[in-house]
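Number of protein chains: 2
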Amino acid sequence: MVVNTIRPMKRMTDPDALLFHGAADPTRLAILRQLAGGDGVCACDFTACCAVAQPTISHHLKVLRETGWVRSERRASFVWYWLNAEAAARFRSIAGELTPGVAAPLARALPVVQAPA
Amino acid sequence: MVVNTIRPMKRMTDPDALLFHGAADPTRLAILRQLAGGDGVCACDFTACCAVAQPTISHHLKVLRETGWVRSERRASFVWYWLNAEAAARFRSIAGELTPGVAAPLARALPVVQAPA
DNA sequence: CACCGATATCGTCAAGTATCAATACGGTAT
DNA sequence: ATACCGTATTGATACTTGACGATATCGGTG
Numbered sequence: 001m002v003v004n005t006i007r008p009m010k011r012m013t014d015p016d017a018l019l020f021h022g023a024a025d026p027t028r029l030a031i032l033r034q035l036a037g038g039d040g041v042c043a044c045d046f047t048a049c050c051a052v053a054q055p056t057i058s059h060h061l062k063v064l065r066e067t068g069w070v071r072s073e074r075r076a077s078f079v080w081y082w083l084n085a086e087a088a089a090r091f092r093s094i095a096g097e098l099t100p101g102v103a104a105p106l107a108r109a110l111p112v113v114q115a116p117a
Numbered sequence: 118m119v120v121n122t123i124r125p126m127k128r129m130t131d132p133d134a135l136l137f138h139g140a141a142d143p144t145r146l147a148i149l150r151q152l153a154g155g156d157g158v159c160a161c162d163f164t165a166c167c168a169v170a171q172p173t174i175s176h177h178l179k180v181l182r183e184t185g186w187v188r189s190e191r192r193a194s195f196v197w198y199w200l201n202a203e204a205a206a207r208f209r210s211i212a213g214e215l216t217p218g219v220a221a222p223l224a225r226a227l228p229v230v231q232a233p234a
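Chains A and B, in that order, are what the protein sequence lines are.
Quick note, the first sequence lines up with residues 1 to 117 if you use the numbering used here.
Quick note, the second sequence lines up with residues 118 to 234 if you use the numbering used here.
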């Protein structure tokens, strides 16, 4: 009976969960897909693919930046975005871990509290 | 009575974003990892790995069920959970799509990426 | 039957999030 | 400098979510 009256908030302590969170939105996923399909995309091109206003796009781009999914660079008055190769690689790595039956050997050795044979 | 919406999250129109949303939580990701590490896990084992109460675990398991990540089966008074192979495969497929510079060569016909004019 | 342990659901609260209008900022061209 | 364009930030608002206690439900047991 822990009294957690102050902050029961867990927040996103897991960096991988944070990565998932970055992609767990239709608009952001569309942006990521558009980025994967091209070699750098201008921010001005995202407003076309998603039915949201410009500030919303900018907000999602910020989330993608903060979650490590993309990097950006200013060119003249435009801003270009690229998919972050590291994030994508990390993502694929997690995808590989989440294959049924294919996982850390240690997990199988974990104590089973109740295991009716 | 509260209108019980059939589909969770009206904003989640993209099924893939829904899949990501299912894993975008530290507790749920821990559950998925534990599931990937074993050949079926009893629900009673999840309370040990995550510092949350039983109703919370049950809630997250429900989310994972609704997002297609897991399937469950009752055995006596216990409930066993397995990672859904289809969801894991779909996830790996999307992860492959999100590779920089790879315009979905191995991707299935599902992705709809709108090319900027 | 009554009882008990394991899960799921309900009710509710606090915190996080998506969205847009208005506005500020950064560069370019006139 | 001034006007203009593209992008980011701010502020407000409605909605979504994660958490837990209380309680219901499901199965097995005495």
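None of these hints come from the bench; they were simulated from the model.
Treat the hints with caution; some may be incorrect.
Calculated cross-link-like contacts (lysine to any residue; reagent style SDA-like; alpha-carbon spacing at most 20 Å) [said to hold, decoys possible]:
1) A:Lys62 - B:Pro217
2) B:Lys179 - A:Ala89
3) A:Lys62 - A:Ile94
4) B:Lys179 - B:Pro132
5) B:Lys179 - B:Cys161
6) A:Lys62 - A:Ala48
7) B:Lys179 - A:Arg75
8) A:Lys62 - A:Arg75
9) B:Lys179 - B:Arg191
None of these values were measured; they are calculated from a predicted model.
Item to check | Restraint check for lysine 179 of chain B with cysteine 161 of chain B, where alpha carbons must lie at most 20 Å apart | outcome: holds, 14 Å
Checklist entry - Given the proposed pairing of lysine 62 of chain A with arginine 75 of chain A, does the C-alpha separation stay at or below 20 Å? => result holds, 17 Å
Next on the checklist: For lysine 62 of chain A and alanine 48 of chain A, compute the direct alpha-carbon distance and say whether it is at most 20 Å.
Outcome noted: holds, 18 Å
Item to check | Pairwise hint evaluation, alanine 89 of chain A against lysine 179 of chain B, where the allowed Cα distance is 20 Å at most | outcome: Violated, at about 29 Å.
Checklist entry - Holds or violated: are the alpha carbons of lysine 179 of chain B and arginine 75 of chain A at most 20 Å from each other? => result violated, 46 Å
Checklist entry - lysine 62 of chain A and isoleucine 94 of chain A: Cα distance at most 20 Å? => result violated, 23 Å
Checklist entry - When you check the alpha-carbon spacing of lysine 179 of chain B and arginine 191 of chain B, does it fall within 20 Å? => result holds, 14 Å
Checklist entry - Straight-line Cα separation of lysine 179 of chain B and proline 132 of chain B no greater than 20 Å? => result holds, 17 Å
Checklist entry - Given the proposed pairing of lysine 62 of chain A with proline 217 of chain B, does the C-alpha separation stay at or below 20 Å? => result holds, 19 Å
In terms of the numbered hints stated before, the structure departs from hints 2, 3 and 7, listed from lowest to highest.
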